[in-house]
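Q: Spelled out from the first residue to the last, the chains are:
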Amino acid sequence: MPYTHSRRQFPNPKSNETLLLSLLPIATRGFRLIFTIMDTSSPAVFVNAELLKMYQGRRVRAVVEVMRNEGGVIIGKSTDGHQLTVKVSQAFPPSHFVEVIGIADGNQSVRAEICTDFGDTFDTLAYNGLCQLANGKFKNLFL
Amino acid sequence: MFSSQLDGGASVFSGGSFMPSQATQAGDSSLSKNRGAPGVFSVTVKQISYAYHSSDDKSSFVIDGVDATNFRLLGMVSNKAERNTDVTFTLDDGTGRIDIIRWVNEASDANETAILQNGMYVSVSGSLKGFQDKKRAVAFSIRPVTDYNEVAFHFIQCIHIHLENTRTKVGGPTQTQASPVMGTSFVTGSKEPQTPANQVSELKIMNGSEKDIYKLVLNVFQEPASLLTAPLPCACLFIRASEHGLHVDEVARRLGKPINQIKEAIDYHVDVGHIYSTIDDYHFKSALID
Numbered sequence: 001m002p003y004t005h006s007r008r009q010f011p012n013p014k015s016n017e018t019l020l021l022s023l024l025p026i027a028t029r030g031f032r033l034i035f036t037i038m039d040t041s042s043p044a045v046f047v048n049a050e051l052l053k054m055y056q057g058r059r060v061r062a063v064v065e066v067m068r069n070e071g072g073v074i075i076g077k078s079t080d081g082h083q084l085t086v087k088v089s090q091a092f093p094p095s096h097f098v099e100v101i102g103i104a105d106g107n108q109s110v111r112a113e114i115c116t117d118f119g120d121t122f123d124t125l126a127y128n129g130l131c132q133l134a135n136g137k138f139k140n141l142f143l
Numbered sequence: 001m002f003s004s005q006l007d008g009g010a011s012v013f014s015g016g017s018f019m020p021s022q023a024t025q026a027g028d029s030s031l032s033k034n035r036g037a038p039g040v041f042s043v044t045v046k047q048i049s050y051a052y053h054s055s056d057d058k059s060s061f062v063i064d065g066v067d068a069t070n071f072r073l074l075g076m077v078s079n080k081a082e083r084n085t086d087v088t089f090t091l092d093d094g095t096g097r098i099d100i101i102r103w104v105n106e107a108s109d110a111n112e113t114a115i116l117q118n119g120m121y122v123s124v125s126g127s128l129k130g131f132q133d134k135k136r137a138v139a140f141s142i143r144p145v146t147d148y149n150e151v152a153f154h155f156i157q158c159i160h161i162h163l164e165n166t167r168t169k170v171g172g173p174t175q176t177q178a179s180p181v182m183g184t185s186f187v188t189g190s191k192e193p194q195t196p197a198n199q200v201s202e203l204k205i206m207n208g209s210e211k212d213i214y215k216l217v218l219n220v221f222q223e224p225a226s227l228l229t230a231p232l233p234c235a236c237l238f239i240r241a242s243e244h245g246l247h248v249d250e251v252a253r254r255l256g257k258p259i260n261q262i263k264e265a266i267d268y269h270v271d272v273g274h275i276y277s278t279i280d281d282y283h284f285k286s287a288l289i290d
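Protein chains in written order, with the UniProt record's numbering: chain A, 1 to 143; chain B, 1 to 290.
In isolation and in its complexed conformation, chain B is listed as follows (with noise of 0.2 Å):
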């Protein structure tokens, strides 16, 4: 499940921390394109209309920029109306309604749709299929909501995934995905929702002086300041803040460290993804947006 993310990123997990077990990896970035399977997503039924097709590959769907082909949906169930070979019902999760089907093949999966009822609030998750404007949703897992703090927390999350891939492609081409999205489908409904308003990626566990170092070079990068995207007037002296970012020599003098261990900290941070080059080699600006 984190092979996706362990190559390009590979500093961000070699210190061997765990990210909390992620039992269906939501929110992967364009790396997961040419990956395999796409990651799946909590989308609202309202989000699934405005998605379109990727130009490159007719079967894969986009949203928020980010190949979103399957997903996992929350809402009630309509309509339902059970064949031999299949199921199809309305999922309607309050933004908007979704035709889904369920194709039962064996008797586990027959299982799975009996106790479906109208009215009942379910999580699916499945995959959109569909040529030109007819998109088809078909649901390979439907688990029946028991907690409901899932609702909840299934709308958070599709905030904070808006939030990740909209955000995550202001940093420019040198960044690397350096804030995994948290995985969900904590079996019982979990009551950790996740407000998207201040999510800034962790430094994983390093060597003691080390992330000292690391963790002061990017505060500065951070410091308000130093995110401004227009220069500032010459009265301040301290702050040489401009949209170029500050030479390495400022973040130098500021800290009052060695050069050559700044110099690997910014190394490090533009590896992760913190920060990245602008006008030349010694010109950083933090990555960061507000």
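So that you can see chain A by itself, here it is in the shape it has in the complex (with noise of 0.2 Å):
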């Protein structure tokens, strides 16, 4: 495949910065049509609190329970069972669901970009699922 592209090292604050920032290069130097359309960079991976060891600074996306709020802070539940603290922008009510996106700082800790109100049901057990086979066997089809 013609993927000149360059991944990006460093993680992207703002999702918008990105897609500007891939336009640059191709603005520049004329490549084709194609990497605007479809941008694979800064991909954000399926983990709970076990795979968030492996993904240290990059960027990551979970769903987490919330256990309580604390000033800019979430302590939260990942779907394999252990705390997660997520620093966030807005308050969650407690035992709703919360997906973070945003970039792993910290063993147990994420600095959301993005987060969504999951509501007050849902399969930890199927996520939890979907977080080890996506960084397992089938890694190639989401990084």
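Treat the hints as calculated values from the structure; they're not laboratory data. Among the clues, some could well be false.
[What the hints assert, rightly or not] Here are some chain B residues pointing at chain A (derived, C-beta under 7 Å):
hint	residue
1	Lys46
2	Gln47
3	Thr95
4	Pro144
5	Tyr148
6	Ala152
[Claimed, not checked] Listing some non-contacts, in silico: residues in chain B with all C-beta distances to chain A over 12 Å:
hint	residue
7	Asp64
8	Gly65
9	Glu82
10	Arg83
11	Asn84
12	Trp103
13	Ser108
14	Glu112
15	Asp147
16	Gln261
17	Asp267
In this text the structure is predicted, and so the values were computed from the model without any measurement. Glycine included, C-beta positions come from ideal geometry on N, C-alpha and C.
Starting from two chains that each stand alone, build the complex the way the hints lay out.
A: Set out below in structure tokens:
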């Protein structure tokens, strides 16, 4: 495949910025239009608490059950039952599930860019299984 | 919806039992290439980036060796731009981003797109179009996600379909698609993830004793020793498994059943695709790969 588009080594804080920055080389060097149509840089890996350790500093996505809010931080339970700390800009109702997409900074901590309230019914077992599959045998479909 | 799978694998469906209703048929095998509109695949953007043109038909794309022009993606909307005749946005599903365009021709289309907002999760069904490297995605259905279990389900289904497509090719030319992939689009968002680990096609309801024989024969072929591809040391006299599979006489001897019943069972399994003949008409091997 004619992919000469280089993967970013550092996490990008804003998705808009990423798209803009990825357009710059096209504008200046006239790459094929394909690179604006599909941008597979900065993927977010499906993680639970266990897998979070492997992706330090990288963009991850996880679902946590909100235990309590403390200031700008959510203390949550990951889909494999461990505690995770998420730095957010808003509070969420306790015992709701929140999907957090952001940068992993610390063994049990995520700095969130995007948070989505997934409601109060969510199948953590399924999501946990997905995390394991997406990082194991089927990593090439995701990353 | 079942038409593409009724011929060829007719014996599988002849019992009349009904796979759970498939609102959209996902994961058609290569049988569907000649049958009109191909099925809709759940895919990730990463998988789409690997798609390439099938050699003969420039308007269809191939993923995992299967015609995958129609796809379903699930992700977050961003950069929504609304115009008179169309709506474009970027869909980010965590594995990549893809630009989607939705043509707005009627009021119902406009309603569908009016509820879209940046940052919301949607499920998009559409088709890939393009020439050479220039791929575009045109959506024909955009549906907001209400039950978020659908997120996990969608990706698990992508894995499942990928596994199905990469597995069934190994069986050989005589094999038909014996295990149809479960459809999706449960309206409330399904809580039914299909872990792809052990998907074995199911035998349909048949007359009583036949079913037992068929099952017995199949089990013989699927014993781990029979699946071995290398010849075993001759010390083991009971198992004559080799890379040529099992001889029919061997199966008959093991089960203690009349040879004609065994042959009938074997014929059925070959039709369905569970086993295939190897060096001659009397040696068979299971098509199941673990």
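Q: Does each hint hold? Answer for all of them.
A: The hints, checked one at a time:
For the restraint placing Lys46/B at the interface with chain A, the shortest Cβ-Cβ distance is roughly 6 Å, inside the 7 Å limit, so the hint holds. Annotation: interface hint on Gln47/B holds; nearest CB of chain A at approximately 6 Å, less than 7 Å. Because the closest C-beta pair between Thr95/B and chain A is about 5 Å apart, less than 7 Å, the hint holds. At its closest, the beta carbon of Pro144/B sits 12 Å from a beta carbon of chain A; the interface hint therefore is violated under the 7 Å criterion.
Proximity of Tyr148/B to chain A holds as hinted, the smallest CB-CB distance being about 4 Å (cut-off 7 Å). For Ala152/B, the interface hint holds, the least distance from its beta-carbon to any beta-carbon of chain A being 5 Å, beneath 7 Å. Not every Cβ of chain A is farther than 12 Å from the Cβ of Asp64/B; the closest lies at roughly 10 Å, contradicting the non-interface assignment. At roughly 15 Å, the least C-beta separation between Gly65/B and chain A is larger than 12 Å, which holds for a residue marked as non-interface.
Against the 12 Å criterion, Glu82/B stays outside the reach of chain A, whose nearest CB is about 17 Å from its own CB. The non-interface label for Arg83/B is consistent with chain A: the shortest C-beta to C-beta separation is roughly 18 Å, beyond 12 Å. For Asn84/B, the non-interface assignment is confirmed: its Cβ lies about 22 Å from the closest Cβ of chain A, beyond the 12 Å cut-off. For Trp103/B, the condition that its CB be more than 12 Å from all CB atoms of chain A holds, with the nearest at approximately 17 Å.
At roughly 27 Å from the closest C-beta of chain A, the C-beta of Ser108/B stays outside 12 Å, upholding its exclusion from the interface. Residue-level check passed: Glu112/B sits 21 Å from the nearest beta carbon of chain A, beyond 12 Å. Chain A draws Asp147/B into its interface by the beta-carbon criterion, the shortest separation being 8 Å against a cut-off of 12 Å. Listed as a non-interface residue, Gln261/B keeps its Cβ farther than 12 Å from every Cβ of chain A; the least gap is roughly 39 Å.
Every CB of chain A lies more than 12 Å from the CB of Asp267/B, the least distance being 35 Å, so the non-interface label holds.
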